[in-house]
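Undergrad: Fit chain B to the given chain A structure using the hints.
Below are the chains, spelled out letter by letter.
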Amino acid sequence: EDQVTQSPEALRLQEGESSSLNCSYTVSGLRGLFWYRQDPGKGPEFLFTLYSAGEEKEKERLKATLTKKESFLHITAPKPEDSATYLCAVTSNFGNEKLTFGTGTRLTIIP
Amino acid sequence: DSGVTQTPKHLITATGQRVTLRCSPRSGDLSVYWYQQSLDQGLQFLIQYYNGEERAKGNILERFSAQQFPDLHSELNLSSLELGDSALYFCASSVAATRTGNTIYFGEGSWLTVV
Numbered sequence: 024e025d026q027v028t029q030s031p032e033a034l035r036l037q038e039g040e041s042s043s044l045n046c047s048y049t050v051s052g053l054r055g056l057f058w059y060r061q062d063p064g065k066g067p068e069f070l071f072t073l074y075s076a077g078e079e080k081e082k083e084r085l086k087a088t089l090t091k092k093e094s095f096l097h098i099t100a101p102k103p104e105d106s107a108t109y110l111c112a113v114t115s116n117f118g119n120e121k122l123t124f125g126t127g128t129r130l131t132i133i134p
Numbered sequence: 062d063s064g065v066t067q068t069p070k071h072l073i074t075a076t077g078q079r080v081t082l083r084c085s086p087r088s089g090d091l092s093v094y095w096y097q098q099s100l101d102q103g104l105q106f107l108i109q110y111y112n113g114e115e116r117a118k119g120n121i122l123e124r125f126s127a128q129q130f131p132d133l134h135s136e137l138n139l140s141s142l143e144l145g146d147s148a149l150y151f152c153a154s155s156v157a158a159t160r161t162g163n164t165i166y167f168g169e170g171s172w173l174t175v176v
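So the sequences go chain by chain: A and B.
If you want the working numbering, it's the 1-based position in the first sequence plus 23.
If you want the working numbering, it's the 1-based position in the second sequence plus 61.
Only chain A is shown next, with the shape it has when bound in the complex:
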């Protein structure tokens, strides 16, 4: 069964203090690894999809990287508006296209 583990559960940073969120995964044939941002009471907002080890994608202050066992979401010089829960999910090559999610990292950026 596919599994996704995210760490840390929660992270508090000062504005401008860069850090990384971790997503470790176990999947029988990775089809894609996804990062989503979720604000309280809202739906997950798509950020990135990564398909193969070594791939990197960037968007504003966020950069996602992928290895064969884990993905990192690097946040550079964060701002208070980056506060949210960041969710990692995977899809497998075997079976359907459903996402298996981790429990997320709750990120708080303090002004």
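Worth flagging that the hints you see were computed from the coordinates, not collected in a lab.
In this text the structure is predicted, and so the values were computed from the model without any measurement.
Among the clues, some could well be false.
Simulated pairs of lysine-lysine, DSS-like, Cα-Cα distance not exceeding 25 Å [stated by the list, open to error]:
hint, chain 1, residue 1, chain 2, residue 2
1, A, K65, A, K92
2, A, K86, A, K102
3, A, K65, B, K118
4, A, K65, B, K70
TA: This is chain B only, laid out in the frame that chain A set:
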């Protein structure tokens, strides 16, 4: 705005009742997914439909059922509701399966409170 529309946004109902949640996928998307998010369990996959046919089932209770109609909108029916069914229910959609993956876009969710 993801383009996935869900109604109602909020509803409160009593135990034992039945409710229907509605979802309109993004224009052109053939796949619809339903997820449940509760405080203690994170996002859990319930069921997927592709072009009107059930494609995959997750941890969906027998009291719950879904369907996708010819116009591709979908409905999730929840019956004999229990207090533990209180959660955010998300609909998501995607074009179709591809070799390299499939971006799945989520709606804003339907808050269900069972009292």
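Undergrad: Next, verify each hint and record whether it holds.
TA: Comparing the hints with the structure gives:
no., hint, verdict
1, A:K65 with A:K92, "29 Å, violated"
2, A:K86 with A:K102, "15 Å, holds"
3, A:K65 with B:K118, "24 Å, holds"
4, A:K65 with B:K70, "10 Å, holds"
The structure shown violates just one earlier hint, number 1.
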